[in-house]
Amino acid sequence: MKPIKVLLAKPGLDGHDQGAKIVVRALMDAGFEVIYTGLRQTPEAVARISLEEDVDVIALSSMAGSHLHFCQKLKPLLEADGLADKLWLIGGSLPQQDHAALRELGFKGIFPTGSKLDAIVDYIRQNVKDGVK
Amino acid sequence: MNERAKPELKPVVNESGIEVNPLYTEEDVEKSGGYDMVGLPGEYPFTRGIHRLMYRKQPWTMRQYAGFGNPAETNQRFKYLIANGQTGLNVAFDLPTQIGLDSDDPLAEGEIGRVGMSVDTLRDFEVAFDGIDLNKITVSLTINGAAAILIAMYLAMAEKRGYDLKQLRGTAQNDILKEFIGRGTWVYPVEPSIKLVGDTIEYCATHAPRYSPVSVCGYHIRESGATPAQEMAYAFCIAKAYADEALKRGLSIDEFAGRLSYNFNIFGNIFEQVCKFRAGRSLWAKIMKEEYGAQKPGSMWLRMIAGGGGGGLTFEQPEVNIVRGAYYALISALSGAQTMALCSYDEAYTIPTEYSARISLRTMQVLIEEMGLTETADPLAGSYYVETMTNQMRDKIVQIMAETDAEGGIVKLVSEGIIQARVSAQAYRMQRDIESGRFPKVGVNRYRNEREEDHPVEFHPYKEEDARVQIERLKQVRTERDQSKVDQALARVRQDAQAGANLMPAIVEAVKAYASVGEITHEMVKVYGRYKEPIRF
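Protein chains in written order, with my numbering: chain X, 1334 to 1466; chain B, 5 to 541.
Calculated from the structure, these hints are not laboratory results.
Where is the CB? At the ideal position from N, CA and C, for every residue including glycine.
Careful: at least some of the hints might be erroneous.
[Unchecked claim] To give an idea of the interface, some chain B residues facing chain X are shown, with a C-beta separation under 10 Å as derived from the structure:
no., residue
1, Leu105
2, Gly114
3, Tyr353
4, Ser419
5, Ile422
6, Lys479
7, Arg482
8, Gly533
9, Ile539
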């Protein structure tokens, strides 16, 4: 059985990666295969890596407030690459009032500051389509 | 006597890995090394403070981190903070500025003015500091990847306003090695990045000798997962790397060491923190005196901003962060910090509003005005516990520095991502400990509210309009400036970078010609290339 494959990207110019790296470790401990992009990814890069790596989950970690802006640009790129059926997640400093808009943009899983690591792991397990490929 | 021996007492070990006894006596102090390093405030080894009278003579500088939107708005916030009693400025720049992008760069879209003030050219600094007396209010620039340019810009702005650069005080963060560990606003690869720090130290030693060109930050390493002892050990290793670079230029240690400063974190166990600072102060003095042969006391001083504490604040029940902030400020005051800043209670949500920034300022003012903390220097000295722990923290810091050197040195370990992986593994364990309740956090893993009420946090608004205004201003500067002067200056930046010369004179010339942050960075990238982040877990 192949493990669930997750891309975890740091979008935009934000340099706060402590949280993202913690989540990477939690996902690895859960037995997922994780590709961590490092900082300063463009929407184009996130779409390209997601496609090339054939991931099940596309996850973003945003701490510096540009999440809506980034996701608006990323959505059409992911759709154009046929990645609309993948599980899209976002975590980080995400004010409550932006959650509806993020959901609207296709980010089903929203994990603001204060979310539990196990909640993220469980959510991915439950939501990756067809269980495991 | 030894309560630890009783089986029902579970051992307590602080974050730095030192066991804490239920009782301390004179015997513990003696066993840990005695009172030899205690001394007096203002005297080597400065355990008790770098000045004899400490806050009795002058309380710490209050320097809240501030900046957002365009320079005109930031100027208003600066004036608001000063009007409320703040005594220094700590400038926040937006991410494009921090990594050397102009506001009209496509990569800057959506990020302009968001987490700090946007700066493209000298014109922006003229606006940002308009009406602020730079002799009365010292300015700290939180800038790293683009530090050489922003320092040049600050000096050019001050000179233009008639200040004597020989007398001008101020600080730049300019600690690029810690940006590779945490915070992430790097631009160039490790080697030229360190070279640029050397350039700024060398340039300031001659042209602006009272300006502090580097503030070495244990702070962000701690935020990334380091223990308090690691925070100080890695910061010292980094400071030594910069000092070695400056010495290579032929400067003597006493020509620049007095202008090196530090930035440390204050969240955690009160006594562990206070002892970290007392231990660090004496250790740095010893390193400067014994390893580097410094003669001037000022070269041996660990001058610091001790503040922030963001890593200890919580998203849950944010108003409780006001209480935490007050204790963190107490730590800083008991530690003999020169400068203090506090993260505001709402920083897990938003950049601080005027309201929350003012609460942080008032917290520090209460300590100064009402609590008796400025009346006597190093009030905890002589406590069996504090002196024992200070000795033990010093030993721990020395041990970590020796291990770092044995592993190949801080520059190598950072270049290969080894320190990053180490602190991030620790951050992960800490997060697991918080989630399991093993590491107590009020409101998070105990005393949770049954139902989290709507948080009383007001969001600082982000205005898209600011970005448009900023781009317009940049365009206008580009049409008004003498382009041939700009081209000439930018060519010199490139040539000097190729030649390996000190880049500061060329950068100063370029900013005076109103070349932009992005244009100057672009020339430097042509020569130095860009940093590639090592991904290691």
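Which of the stated hints cannot be reconciled with the structure, identified by number in ascending sequence?
When the structure is compared with the hints, numbers 4, 5, 6, 7 and 8 turn out to be violated.
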